[in-house]
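A.B. asks: The primary structure of each chain is shown beneath.
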Amino acid sequence: MKLNFLDRVITKLAAQVVEFFEIIGGVTAFTVKFFANVFRPPYEIGEVRKHMDELGVKTLALVSVTGFIIGLVLGMQSQPVMARFGAEMFLPGMIALSVVRELGPVITALIFAGRVGSGIGAELGSMRVTEQIDAMEVSAIDPFKYLVVTRVLACTLMLPILTVYVNFVAILGGYISVIITQNLTFALYVDLVIRVLKFSDILPGVAKTFIFGFIVGIVGSYLGYNANKGTEGVGKASTTSVVISSLLILLIDVIMVRITLFLFPE
Amino acid sequence: MIKVSNLNISFGENVVLNGVDLEVPNGSTIVVLGRSGIGKSVLLKCLVRLIEPDTGQIEIDGKSVLNLKIKELNELRKEIGFLFQSAALYDSMNVEENLAFPLKRHTELSDKEIKTRIIEMLDMVGLQEALKKMPTELSGGMKKRIGFARSLILYPKIMLYDEPTTGLDPVTSKEITRLILKMQERFKMTSVVVTHDMICALSVADQIVMLEDGKFMFKGSTNELIKSSDVFLKNFLSTNLENYPKDPSERR
Chain A
1 MKLNFLDRVI TKLAAQVVEF FEIIGGVTAF TVKFFANVFR PPYEIGEVRK
51 HMDELGVKTL ALVSVTGFII GLVLGMQSQP VMARFGAEMF LPGMIALSVV
101 RELGPVITAL IFAGRVGSGI GAELGSMRVT EQIDAMEVSA IDPFKYLVVT
151 RVLACTLMLP ILTVYVNFVA ILGGYISVII TQNLTFALYV DLVIRVLKFS
201 DILPGVAKTF IFGFIVGIVG SYLGYNANKG TEGVGKASTT SVVISSLLIL
251 LIDVIMVRIT LFLFPE
Chain B
1 MIKVSNLNIS FGENVVLNGV DLEVPNGSTI VVLGRSGIGK SVLLKCLVRL
51 IEPDTGQIEI DGKSVLNLKI KELNELRKEI GFLFQSAALY DSMNVEENLA
101 FPLKRHTELS DKEIKTRIIE MLDMVGLQEA LKKMPTELSG GMKKRIGFAR
151 SLILYPKIML YDEPTTGLDP VTSKEITRLI LKMQERFKMT SVVVTHDMIC
201 ALSVADQIVM LEDGKFMFKG STNELIKSSD VFLKNFLSTN LENYPKDPSE
251 RR
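First to last, the sequence lines map onto chains A and B. Be aware that the first sequence starts at 1, since it is given in our numbering, and climbs by one per residue. Be aware that the second sequence starts at 1, since it is given in our numbering, and climbs by one per residue.
There's no promise every hint is true.
List time: in silico DMTMM-like cross-link candidates among lysine to aspartate or glutamate, alpha-carbon distance up to 20 Å [to be verified]: (1) Lys69(B) <-> Asp142(A); (2) Lys71(B) <-> Glu44(A); (3) Lys71(B) <-> Asp142(A); (4) Lys50(A) <-> Glu96(B); (5) Lys229(A) <-> Glu13(B).
Estimated spans, in silico, between C-beta atoms of each pair [claimed, not checked]: (6) Gly230(A) <-> Glu137(B): 19 to 25 Å; (7) Pro170(B) <-> Val17(A): 48 to 54 Å; (8) Ser5(B) <-> Phe21(A): 36 to 42 Å; (9) Asn4(A) <-> Met217(B): 45 to 51 Å; (10) Lys104(B) <-> Ser200(A): 43 to 49 Å; (11) Thr31(A) <-> Gly167(B): 35 to 41 Å; (12) Ser139(B) <-> Leu172(A): 48 to 54 Å; (13) Glu224(B) <-> Val17(A): 54 to 60 Å.
FYI, nobody ran anything at the bench for these hints, they're computed from the structure. For each residue, glycine too, the CB sits at the ideal point set by N, CA and C.
Starting from the given sequences, assemble the full structure and let the hints guide the process.
C.D. replies: Have a look at this one:
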């Protein structure tokens, strides 16, 4: 009986691993197709701008609240530890470094994957099952270029903008946590933050969000574009795109951290 | 002219089309009949290469569809209208934007001329008031009409209909059938209609084919179909034709 249960678990796990690598293979082929199309006219700039507007509006409130709370909680949790070592004056710098180098980009990307990736998966999936993509193709309009390239570009360009915004909001949240326990003016807080932050802290943090944004766009688009089995397929495209893009964001982050440390060892 | 020769397509073990041959002369309408899931829509989608067949030949106006490069294929597609079973209206666009979409991409028409063409098409399908409506605000019959208007907006030479009356009540089905006849008369298109609605089929067809087991088991005129002594055909017809007028002049 126990063995049967184990068998079932292993079989299911193996199937999920196979499915994961199938999706990765498909996403890779989709990425190649994306680069083959992105530099070819028509450029659909209006569509890219429209999607960027939508993505910004869709996620702004959520990332604002999350960013503020990250800064606030980070400050509240770190303050007693810093106080133990008599290093409270370093708290603003520590908050800024943690947010700019790691927390801001990764948390924003994960929220983006949840909100936008699932949306793209569901939207394109629904267009696939209701034959809208076929209708576009049969009208001699390239649906890949019109639907996929524009969304992936919008994600790639919008996530860095949101990340910079979240970094500011999180640092502001950190200030609130600092003034609860310390008598620190906002000007001094900003001064302490700026003194610590270097170009080599900001650049890699923002640069990797271009890749994260691309991942969210391409994974959501791939799963939605290839959705089948009616509404069930649409739901699956939506949820799977969140799971896969979140996982890829975390994996790529590990690689990006290693590259950053190699390029900027200081 | 549409010419299909020895078309074969399978999905896994399931053989859908097994050596299908078909000829549709210019300006005539052929109806493909058959049970649900038998491969009628697959055949229609093969004609515009939405589905690639395994083997066979498809020629449209002398061009070998399966050998065309994507650019050439798209040029050909501009001359083909396709009415989808679900109408397939773009749900992020309103009716006007849906109809303007192919015009903005494939013609040099000014905004004013585009608007005039849209109004003309909406007038033809009797839905001028739907101009600013979103697809979610339309009934099934209205969606079909708008889908029809969109597929005609580039004045195609060939029209493909995928189950134009499926899912509609008898009155709306009859209206759509009348609309098909009206458009055929006005644009003189070469048409392929896929359906299992016998009333629509017998009303619009110049020629009828019946798909069964991956092949056409019947090819002929509407009268030949009605008079056929084949048991399968008789069964297929009897379930659909209880209300069908016996007098041909009443059918249209």
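A.B. asks: Looking only at beta-carbon atoms, does the pair Ser5(B), Phe21(A) fall within the given range of 36 to 42 Å?
C.D. replies: holds (41 Å)
A.B. asks: Does the structure keep Lys71(B) and Glu44(A) at a Cα separation of 20 Å or less?
C.D. replies: holds (18 Å)
A.B. asks: Given the hint that Lys50(A) pairs with Glu96(B), does the C-alpha gap stay at or below 20 Å?
C.D. replies: The hint holds at about 18 Å.
A.B. asks: Using the C-beta atoms of Gly230(A) and Glu137(B), is the stated range 19 to 25 Å upheld?
C.D. replies: holds (23 Å)
A.B. asks: Starting from the hint 35 to 41 Å, judge whether the C-beta atoms of Thr31(A) and Gly167(B) obey it.
C.D. replies: holds (38 Å)
A.B. asks: Do the Cβ positions of Glu224(B) and Val17(A) conform to the proposed distance bound of 54 to 60 Å?
C.D. replies: holds (58 Å)
A.B. asks: Is Lys229(A) within 20 Å of Glu13(B), Cα to Cα?
C.D. replies: The given pair, whose Cα atoms are some 19 Å apart, holds under the 20 Å limit.
A.B. asks: Does 48 to 54 Å hold as the CB distance between Ser139(B) and Leu172(A), or does it fail?
C.D. replies: holds (51 Å)
A.B. asks: Does the structure keep Lys69(B) and Asp142(A) at a Cα separation of 20 Å or less?
C.D. replies: holds (14 Å)
A.B. asks: Lying within 45 to 51 Å: is that true of the beta-carbon distance Asn4(A) to Met217(B)?
C.D. replies: Once the Cβ atoms are compared, 49 Å apart, the range 45 to 51 Å for Met217(B) and Asn4(A) holds.
A.B. asks: 43 to 49 Å was suggested as the range; check whether the CB atoms of Lys104(B) and Ser200(A) agree with it.
C.D. replies: holds (47 Å)
A.B. asks: Falls inside 48 to 54 Å, the C-beta gap from Pro170(B) to Val17(A)?
C.D. replies: For Val17(A) against Pro170(B), whose Cβ atoms are near 52 Å apart, the range 48 to 54 Å holds.
When the structure is compared with the earlier hints, no violation turns up for any of them.
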